[in-house]
Amino acid sequence: MSKDTSIFKASWTYADAPESTGHIQLKKRYELFIDGEFVKPVKGKYFDTVNPSNQNKIAAIAEASTEDVDKAVKAANKAFKGWSKLSGKERGKYIFRIARLIQERAREFSVIESLDGGKPIRESRDIDIPLVANHFFYYAGWADKLEYAFPNRKVKPVGVAGQIIPWNFPLLMAAWKIAPALATGNTVVLKPAETTPLTAMKLAEIIQESGLPKGVVNIVTGAGDTGAAIVNHPDIDKIVFTGSTNVGKYIQKAIAGTSKKLTLELGGKGANIIFEDAAIDQAVEGIVNAIFFNQGHVCCAGSRLFVQESVANIVIQKLKDRMETLIVGDPLDKNTDIGAINSSKQLKTIKDYIKIGLNEGCEIYQPDCDLPKKGNWCAPTLFLNVSQSHRIVQEEIFGPVLTIQTFRTVDEVIEKANNSPYGLSAGVWTQKGSKIFNLTQKLNAGVVWANTYNKFDPTSPFGGYKESGFGREGGLHGLKGYVKFED
Amino acid sequence: MSRIDVHKTYKLYIGGKFPRTESGRYYPLNDKKGNFIANMCLSSRKDFRNAVVIARKAQSSWAGATALNRGQILYRIAEMLEGRRVQFIAEIMKEGATKKEAETEVDASIDRLVYYAGWSDKYQQVFSAVNPVASSHFNFSNLEPMGVVAIMAPEEQGLLGLVSVVAPAIVGGNTVIILASETNPLSAISFAEVLNSSDVPGGVVNILTGNVNELHTHMASHMDVNAVIYCGKDENVISEINALASENLKRTILHKKSDWASNVCESPYFIEKTQEVKTTWHPTKV
Numbered sequence: 001m002s003k004d005t006s007i008f009k010a011s012w013t014y015a016d017a018p019e020s021t022g023h024i025q026l027k028k029r030y031e032l033f034i035d036g037e038f039v040k041p042v043k044g045k046y047f048d049t050v051n052p053s054n055q056n057k058i059a060a061i062a063e064a065s066t067e068d069v070d071k072a073v074k075a076a077n078k079a080f081k082g083w084s085k086l087s088g089k090e091r092g093k094y095i096f097r098i099a100r101l102i103q104e105r106a107r108e109f110s111v112i113e114s115l116d117g118g119k120p121i122r123e124s125r126d127i128d129i130p131l132v133a134n135h136f137f138y139y140a141g142w143a144d145k146l147e148y149a150f151p152n153r154k155v156k157p158v159g160v161a162g163q164i165i166p167w168n169f170p171l172l173m174a175a176w177k178i179a180p181a182l183a184t185g186n187t188v189v190l191k192p193a194e195t196t197p198l199t200a201m202k203l204a205e206i207i208q209e210s211g212l213p214k215g216v217v218n219i220v221t222g223a224g225d226t227g228a229a230i231v232n233h234p235d236i237d238k239i240v241f242t243g244s245t246n247v248g249k250y251i252q253k254a255i256a257g258t259s260k261k262l263t264l265e266l267g268g269k270g271a272n273i274i275f276e277d278a279a280i281d282q283a284v285e286g287i288v289n290a291i292f293f294n295q296g297h298v299c300c301a302g303s304r305l306f307v308q309e310s311v312a313n314i315v316i317q318k319l320k321d322r323m324e325t326l327i328v329g330d331p332l333d334k335n336t337d338i339g340a341i342n343s344s345k346q347l348k349t350i351k352d353y354i355k356i357g358l359n360e361g362c363e364i365y366q367p368d369c370d371l372p373k374k375g376n377w378c379a380p381t382l383f384l385n386v387s388q389s390h391r392i393v394q395e396e397i398f399g400p401v402l403t404i405q406t407f408r409t410v411d412e413v414i415e416k417a418n419n420s421p422y423g424l425s426a427g428v429w430t431q432k433g434s435k436i437f438n439l440t441q442k443l444n445a446g447v448v449w450a451n452t453y454n455k456f457d458p459t460s461p462f463g464g465y466k467e468s469g470f471g472r473e474g475g476l477h478g479l480k481g482y483v484k485f486e487d
Numbered sequence: 001m002s003r004i005d006v007h008k009t010y011k012l013y014i015g016g017k018f019p020r021t022e023s024g025r026y027y028p029l030n031d032k033k034g035n036f037i038a039n040m041c042l043s044s045r046k047d048f049r050n051a052v053v054i055a056r057k058a059q060s061s062w063a064g065a066t067a068l069n070r071g072q073i074l075y076r077i078a079e080m081l082e083g084r085r086v087q088f089i090a091e092i093m094k095e096g097a098t099k100k101e102a103e104t105e106v107d108a109s110i111d112r113l114v115y116y117a118g119w120s121d122k123y124q125q126v127f128s129a130v131n132p133v134a135s136s137h138f139n140f141s142n143l144e145p146m147g148v149v150a151i152m153a154p155e156e157q158g159l160l161g162l163v164s165v166v167a168p169a170i171v172g173g174n175t176v177i178i179l180a181s182e183t184n185p186l187s188a189i190s191f192a193e194v195l196n197s198s199d200v201p202g203g204v205v206n207i208l209t210g211n212v213n214e215l216h217t218h219m220a221s222h223m224d225v226n227a228v229i230y231c232g233k234d235e236n237v238i239s240e241i242n243a244l245a246s247e248n249l250k251r252t253i254l255h256k257k258s259d260w261a262s263n264v265c266e267s268p269y270f271i272e273k274t275q276e277v278k279t280t281w282h283p284t285k286v
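So the protein sequences, as listed, match chains A and B. Using the working numbering, the first residue of the first sequence is number 1, and each one after it goes up by one. Using the working numbering, the first residue of the second sequence is number 1, and each one after it goes up by one.
Hints listed in this document are in silico derivations from the structure and should not be mistaken for laboratory results. By construction, the Cβ of each residue, glycine as well, lies at the ideal position given by its N, Cα and C atoms. The reader is advised that the hints may include incorrect statements.
What the hints assert, rightly or not - Mimicking BS3-like on lysine-lysine, the simulated pairs with C-alpha atoms at most 27 Å apart in a straight line are:
| # | chain 1 | residue 1 | chain 2 | residue 2 |
| --- | --- | --- | --- | --- |
| 1 | A | Lys249 | B | Lys256 |
| 2 | A | Lys484 | B | Lys100 |
| 3 | A | Lys156 | B | Lys11 |
| 4 | A | Lys249 | B | Lys233 |
| 5 | B | Lys11 | A | Lys253 |
| 6 | A | Lys261 | B | Lys46 |
| 7 | A | Lys484 | A | Lys28 |
| 8 | A | Lys442 | B | Lys122 |
| 9 | B | Lys8 | A | Lys484 |
| 10 | A | Lys28 | A | Lys78 |
| 11 | B | Lys285 | A | Lys253 |
| 12 | B | Lys233 | A | Lys156 |
| 13 | A | Lys253 | B | Lys46 |
| 14 | A | Lys484 | B | Lys99 |
| 15 | A | Lys249 | B | Lys122 |
| 16 | B | Lys11 | B | Lys122 |
| 17 | B | Lys11 | A | Lys480 |
| 18 | B | Lys122 | A | Lys154 |
| 19 | A | Lys318 | B | Lys285 |
| 20 | B | Lys122 | A | Lys480 |
| 21 | B | Lys285 | A | Lys442 |
| 22 | B | Lys273 | A | Lys249 |
| 23 | A | Lys156 | B | Lys285 |
| 24 | A | Lys261 | B | Lys273 |
| 25 | A | Lys89 | A | Lys28 |
| 26 | B | Lys257 | B | Lys99 |
| 27 | A | Lys484 | B | Lys257 |
| 28 | A | Lys435 | B | Lys122 |
| 29 | B | Lys11 | A | Lys484 |
| 30 | A | Lys261 | B | Lys11 |
| 31 | A | Lys484 | A | Lys442 |
| 32 | A | Lys154 | B | Lys46 |
What the hints assert, rightly or not - Computed beta-carbon distance windows for the label pairs:
| # | chain 1 | residue 1 | chain 2 | residue 2 | range |
| --- | --- | --- | --- | --- | --- |
| 33 | B | Pro283 | A | Glu147 | 50 to 60 Å |
| 34 | B | Lys256 | A | Lys253 | 13 to 23 Å |
| 35 | A | Gly257 | B | Thr284 | 22 to 32 Å |
To be verified - If the Cβ cut is set under 10 Å, some of the chain B residues that face chain A in the computed set are:
| # | residue |
| --- | --- |
| 36 | Ile4 |
| 37 | Val6 |
| 38 | Phe127 |
| 39 | Ile241 |
| 40 | Asn242 |
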């Protein structure tokens, strides 16, 4: 560590500022939410959900078997008749209600999200939960306006949507899935990730409170087997999955002989490109936000950094200095920048990739930071001296690990950025307008951030090119996956 | 003494050239009475793979052409087809259609090209959006072509079916490799001659003839193809295509129609099917 940054760090010591957990209500055990009721799993099996920052058990969670999934699908099918016939206006009002109820209990949701998933409270409080409520607000308003969304076409709902969501944005992904499905008149069987089921179960409580007709939303907890039971259920009309590309491919193959519709939001290896004429300090903040936001558990993370050669030294030095000031630790502390890695399994994956990087001969940099003894932690990590062929450049790590490459020309960086099977996101940093539009047009990615990164909004369609999946979620375009055209 | 007819040799159309199949294989095409019409190339996996390489090379400059330009080129195709209307009618009749059916099909094909020519600089306006995000950013979503599209043309209506799936794909900036109808292939290859004299850059449309059951697995599994379109009703073929497409998450598009003359077979939604949505963000605060 250089002398400068140690001075810097000494003056940046913060007192602990933990968010209170006094006002949250958690049960010891959570059941399945089927047909408007909380019901025990048929086989009576439960699994633990733990706090990744200290490995303590938070609650027992029901494990849904094929029989439970079948019950949920039956309930959703039964509810579909009434729900799809209900006028858009009335459907919308239920969704508005859910949005309001989430807003009212936003703080409780934020704390539980950070407890169960390990993300910094600053992020769950300021980003995840407000976006959740806004997502329901946004789609609530579409419910009675669908005829304006598809010019010259009448639409009808698809039917029962089976939705499988990941652990990186647990409640936000539930909102992304449920809100547009309900607005368009579908019913839902949702499976949260096994490491982060709590906020989804709290959402089930809100849904019950809202008076939403029974069976319109069913939430079944479990791991891969529960997900497979959803994917393979014959009475599900639509599968929506957010998760890894490998599982996405498996799903596309599994439903190949059926008439199920499919939306996939999968992995990514986002290129974040810094030109010499960028506002360098802003770009450095952008790099940090692109890769260290949510511990790098972000499918659209800017995990491949490309810096123009002429400014590489200064950008890398400033980035290292900035990393010295990042606070890694208690997710519930309001000063925390980087929280806990979501699970010990994911921590092992990340550590394995760091080993691979070292074995491939890449140069590693990690700031000098104190990691808590208990729990799952990973220091923010840079890899220098990497090239396109390195595995840490090609494969998604899903952790706070950034690879840095340099480039000289615009054409070179476009080619390098697009040289990936993924195509979810990209970032461009330059003060020159024509360069921005040149790049944003040529980068093969579904979301491109120019002079910003990792921004999300309910009105903004999100989704990938190539092996990052297909279909869009959010915005007007997010309605499409949940409707059929009437002939 | 009666004159000896000169038979036309039907070859493939790849990269703006007319090669024979590299496999040296062919299949004979007969009319309904069993009289020989022509030998058609029986394309191989290698022909398809060669065509993909060429379509990939042509894709970025075709997508980079202005919408106006792509529209003019589509209109030019229509003009050239109109000019050879009689030839196409005769060819379709050879394959067994009545004069009226053949005329209807050729006229509808010409009109469909004009229809999509007109869409070239409009579909973007219909399907794009400025998204009013709740932060100080300007945010918009617009369409971009998927890239290289492999198409298995409808078996019926060899010309109209082909035009109905090719025109919306290319007007949106995709390049295509299309396997023509096996039983009605004549006008597909003659259509290649139209394309070749219509300012369509080489490699934008590549046309193969052959057997769908031999080629569909290769078309669905090729790792450098972005989307695959299958026109037909064979559930086994559909299932195999969907399964193989998962290897690189190819987009699969299915058309189970049997009458391509109908009005529901032309709409900007056909263009949208081979488009991706890209969302771009930029801060608005200085």
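The hints, checked one at a time:
Our distance criterion of 27 Å between C-alpha atoms is met by Lys249(A) and Lys256(B), whose separation comes to about 24 Å. The straight-line distance between the Cα atoms of Lys484(A) and Lys100(B) is roughly 35 Å, outside the 27 Å bound, and the hint therefore fails. Our distance criterion of 27 Å between C-alpha atoms is broken by Lys156(A) and Lys11(B), whose separation comes to about 45 Å. The hinted pair formed by Lys249(A) and Lys233(B) meets the criterion: a straight-line CA distance of about 24 Å does not exceed 27 Å.
The suggested pairing of Lys11(B) with Lys253(A) is violated, with an alpha-carbon distance near 35 Å, which exceeds 27 Å. A threshold of 27 Å between alpha carbons decides the hint, and for Lys261(A) with Lys46(B) the separation of about 32 Å lies outside it, so the pair is violated. For the suggested pair Lys484(A) and Lys28(A), the alpha carbons sit about 42 Å apart, so the restraint of at most 27 Å is broken. Simply put, Lys442(A) and Lys122(B) have alpha-carbon atoms about 21 Å apart, close enough for the 27 Å limit, and the pair holds.
Proximity of Lys8(B) to Lys484(A) is assessed by CA-CA distance (about 45 Å); at most 27 Å being required, the pair is judged violated. Proximity of Lys28(A) to Lys78(A) is assessed by CA-CA distance (about 31 Å); at most 27 Å being required, the pair is judged violated. Among the hinted pairs, Lys285(B) with Lys253(A) is inconsistent with the structure: their alpha-carbon atoms are about 46 Å apart, more than 27 Å. Annotation: proposed proximity of Lys233(B) to Lys156(A) holds, straight-line Cα distance about 24 Å (limit 27 Å).
About 25 Å separates the Cα atoms of Lys253(A) and Lys46(B), which keeps this hinted pair within 27 Å; it holds. Restraint check for Lys484(A) and Lys99(B): the C-alpha separation of about 38 Å exceeds 27 Å, so the hint is violated. The hinted pair formed by Lys249(A) and Lys122(B) fails the criterion: a straight-line CA distance of about 34 Å is larger than 27 Å. A distance of roughly 35 Å separates the Cα atoms of Lys11(B) and Lys122(B); the hinted pair therefore is violated under the 27 Å criterion.
Between Lys11(B) and Lys480(A), the direct Cα distance comes to roughly 41 Å. Violation of the 27 Å bound is thereby established for this hinted pair. Taken as a hint, the Lys122(B) and Lys154(A) pair is honoured in the structure, with Cα atoms around 21 Å apart against an allowance of 27 Å. Taken as a hint, the Lys318(A) and Lys285(B) pair is honoured in the structure, with Cα atoms around 23 Å apart against an allowance of 27 Å. Taking the CA atoms of Lys122(B) and Lys480(A), the gap is about 20 Å. The hint holds against a cut of 27 Å.
At roughly 25 Å between alpha-carbon atoms, Lys285(B) and Lys442(A) fall within 27 Å of each other, so this suggested pair holds. For the hint pairing Lys273(B) with Lys249(A), the CA-to-CA distance comes to about 20 Å; that is within 27 Å, so the pair holds. Simply put, Lys156(A) and Lys285(B) have alpha-carbon atoms about 41 Å apart, too far for the 27 Å limit, and the pair is violated. A threshold of 27 Å between alpha carbons decides the hint, and for Lys261(A) with Lys273(B) the separation of about 14 Å falls inside it, so the pair holds.
Of the pairs offered as hints, the one joining Lys89(A) and Lys28(A) is violated, with about 38 Å between alpha carbons and a cut-off of 27 Å exceeded. With a CA separation close to 23 Å, the supplied pair Lys257(B) and Lys99(B) stays within the 27 Å bound. For the hint pairing Lys484(A) with Lys257(B), the CA-to-CA distance comes to about 16 Å; that is within 27 Å, so the pair holds. Taking the CA atoms of Lys435(A) and Lys122(B), the gap is near 26 Å; set against the 27 Å cutoff, the hint holds.
At roughly 40 Å between alpha-carbon atoms, Lys11(B) and Lys484(A) are farther apart than 27 Å, so this suggested pair is violated. Distance check on the hinted pair: Lys261(A) and Lys11(B) sit about 38 Å apart at the alpha-carbon level, beyond 27 Å; violated. Of the supplied pair hints, the one linking Lys484(A) and Lys442(A) is violated, its CA atoms being roughly 32 Å apart against a limit of 27 Å. Restraint check for Lys154(A) and Lys46(B): the C-alpha separation of about 43 Å exceeds 27 Å, so the hint is violated.
Checked against the hint of 50 to 60 Å, the C-beta distance between Pro283(B) and Glu147(A) comes to roughly 34 Å, which is inconsistent with it. Checked against the hint of 13 to 23 Å, the pair Lys256(B) and Lys253(A) passes, with Cβ atoms roughly 21 Å apart. For Gly257(A) and Thr284(B), the hinted distance range of 22 to 32 Å is not satisfied, since their beta carbons lie about 48 Å from each other. Look at Ile4(B): its Cβ only gets to about 51 Å from chain A, farther than 10 Å, so that hint breaks.
With a cut of 10 Å, the hint placing Val6(B) at the interface with chain A is violated, because the nearest CB-to-CB distance is about 46 Å. About 8 Å separates the beta-carbon of Phe127(B) from the nearest beta-carbon of chain A, less than 10 Å, and the hint is met. Nearest Cβ of chain A to the Cβ of Ile241(B): about 8 Å, under the 10 Å cut. The hint holds. About 4 Å separates the beta-carbon of Asn242(B) from the nearest beta-carbon of chain A, less than 10 Å, and the hint is met.
Consistency note: the structure conflicts with the earlier hints numbered 2, 3, 5, 6, 7, 9, 10, 11, 14, 15, 16, 17, 23, 25, 29, 30, 31, 32, 33, 35, 36, 37.
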